[in-house]
Every structure is written in structure tokens, then in C-alpha cells.
Amino acid sequence: MHVAVKIAGALVVGTALGLAATWFVTGRGGMGDNVANGPWKTSLVVGSPQSDPYTRARVALHGLLALNRKETIYFTAETDSDGAALNGTCRYEIDGRDPNTRWWSITAYGSDDYLIPNPQNLYSVSQTSVLRQKDGSFRIAVGGTHAPADMSWIPAGSGPFSLTLRLYNPGPDVALDPEHVVLPTLKKVSCP
Amino acid sequence: MNERAQDWIFWIAATILVAMIVHLGSIYLLPRVVMMRALERLGAANIMHVGKRPTSASHAIVRPSPDILYATCPYDLSKGPLRVTTPVIHTSYWSVSAFDSNTDNFFVKNDQQTPAASLELVVVERGQAWPKLDNAVERVILFSPSEKGLILIRTVIDDDKHIPAIEASLHQARCETVASAPKLR
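These protein sequence lines are chains X and S, in that order. If you want this note's numbering, it's the position in the first sequence, counting the first as 1, plus 253. By this note's numbering, the letter at position 95 of the second sequence is numbered 77, and the numbering carries on one by one without gaps.
One thing to keep in mind: the hints can contain errors.
Looking from chain S toward chain X, a few residues come up when the C-beta cut is under 7 Å (computed) [to be verified]: (1) -4; (2) 13; (3) 41; (4) 83; (5) 85; (6) 87.
Okay, the calculated bits of chain X under chain S, using three or more residues with CB under 8 Å as the criterion [said to hold, decoys possible]: (7) 306 to 313; (8) 363 to 371.
Simulated pairs of lysine-lysine, DSSO-like, Cα-Cα distance not exceeding 30 Å [said to hold, decoys possible]: (9) X:323 / X:440; (10) S:34 / S:130; (11) S:91 / X:323; (12) S:114 / S:61; (13) S:130 / S:114; (14) X:440 / X:387; (15) S:130 / S:91; (16) S:34 / X:323; (17) S:130 / X:323; (18) S:143 / X:387; (19) S:91 / S:61; (20) X:323 / S:143; (21) X:323 / X:259.
No lab work stands behind these hints: they were computed from the structure. The structure presented is a predicted model; accordingly, all values stated were derived computationally and were not measured. Don't be surprised by glycine CBs; every beta carbon is placed ideally from N, CA and C.
Next up, chain X with everything else stripped away, as it sits in the complex (with noise of 0.2 Å):
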């Protein structure tokens, strides 16, 4: 009887104790942040068959169906460029020049990984799409009620929201050293 209890509870808490950590090391870091550049992340071997288990689970959870990092290269920030959650009541700046790559968008996601509903149907940023300063470079606003005059604007809903941030096709400098490339700064503006 005794040992019947105890067999039972080694299984009951080992499962649970497994599992915790199954959904601790896949519920954070998005795609995998073996490689930071300011507040955006990725992994390198994301999408490729040499893809660790650990990162191919998180891809699985958070970016299922990703390509490989020649073909696009899919950054991800969950905090700002001071290290602070991102949160869609606060407004926030993204500045930046076109990185070297053939085509970019950035798209805000909510704690979900879906995008996030808003009445205005914005859900992204792209080279095509941004609105420009005189000298090329771009500020878009991300994030609180309404769209400041002159920028690109991002709702991102009321709560938790990360980026990503999508190269496609990218230079050999951004594919070979995503770490230490130019990429936009993101920069909290006010929060109510």
C-alpha cells in the first residue's frame, strides 16, 4: 500500500514537474534568442534541420512554418530598447533606415501569437507600406489610441504584445552577423 502511494506520487509530481518545465523553456523567448541585437531576437537555426529540440519546439509554438535564415530572418521583440515589457497602452517609437534586405515588415502580435483585433485593421508596418521621413529614414508609432500625424501607425491592443520584425532575403552581412547589423531602435514614448 505504502509503496503503491509513493510509486504514484513519484509519478504524479515528476509528470507535473516535467511538464512545468516543457511550458517554462517554450513559453518565453519567442522563436529562440540565442542571438540579440537591442531588444530584437532570433536564433539562427530557426526553420533548418539542425535545429536543436528546445528550438524546434519553441518555433513550433511560436512561429510554426518559418523559413530557414537565407530566406528570411524573423526577429522578435517582447520588450523595449530598455528592457521593459511591451504593453499596448503605452506608446512607443520605432526608428530606423531600410535594413539591408530585399523586403521588411513589422507586425504586432498579442500574447497569443495572433494578431491583435483593432477597428482600423492595422496590423503591420512594411518597406512598402511605411511613410517616410524627407531623408528616406522612418519613425513609426506602435501602440495607444489613436495614429500620430505624419508617422506609420501599429495598434497593439491593450496588453502584452511582441514584434517581429521580417527579413526577406536578406544581406549576407544581416544573415551572417544578425547580431551586430542596424536594425530600428524601439523606444517607449508615455504611458498612461
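Once you have looked at the hints, place chain S on chain X.
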């Protein structure tokens, strides 16, 4: 050390062992289960499905890009090899990729690597004989590591005005099971 302490150490060790087995097993199984469910959600196998532009209502696959139009063909090679024929769009980023049941991206080709106006893929499992086909088209033979998987076509929407043309092109893409060539004796 008394017997009681030994007993405790044994059961703590057993619990940790169970935890490790469950953890590693779930990490291994997770992509396979996620892919299996995604293939079911994407619809019937061996048929091309052309998706609408993703919105907040699109929940088939996590983190869809609203700047891409997708066409998908979940495949099952149990009844024979798969033939995919698709026009190639050269006006913006276009690619066709293949994923196995483990979520690995085992093939991708983009428009810059495909100057031809159309492309044909023949997907076979290792050991499966591929069909006898004519030599008139640009064709790639793919070896799928698993019986089930997914063909995914992406086209970037560089301008909303181009959506009807991109959709029309994706609707011309085909995906079908073909008979294997008879085995040589």
C-alpha cells in the same frame, strides 16, 4: 545514514527521473503534435488551398503575416508521390517551401532562384519510385523525410493594388497525387 533518509533519497531521485523523461519526451513530441494539428486545420490533403489575407480572425497558424498571401497543400504520400505545379511570381518576393511532420523546413526556392514562369515539384518519400514524367518543364524532385507534411507558397503583398493578380496566380497552383512508376524487375 538511517533507513528513512535513504528511502527519501530514493523517491526524490525517482521523481526527478520521471520529470526528466516527461520533459524530454514532451519537448520531442511537441513539434510533431503541433504539426499534425496544423495539417488537420489547413484542410484536405493533396489539394491546394488558397488563403485570404490574414487578419486578427486568422487562427489556423500562429503569427501569420498580414503582408503575405499564402497557399497551402497539406500532403500525404501514402497513396503515391505528390505533384505540385505553380506559376512563379517575379514582381515581389515569392517562395515555395516544404515542411516535414517534424516542422523542419527541408526545401525552399524563391522567385530569384526560379527564372522560369512556372515550377513543378514532385515530392516522394525515400524509397518511393517517382512517376515517369516528360522533360518539358522546370522540375524539382523532393525527398520528404516523412509521409505527411506541407507545401507552402508565400507571396509578399508589396502593394494592395496587386492583391487580385497575386490571388489569381495562387489559384492556378495545383497539387495532386500521382501514380508511381511501376518498379523495374
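Legend entry - Enumerated hints in conflict with the structure, sorted upward: 4 and 21
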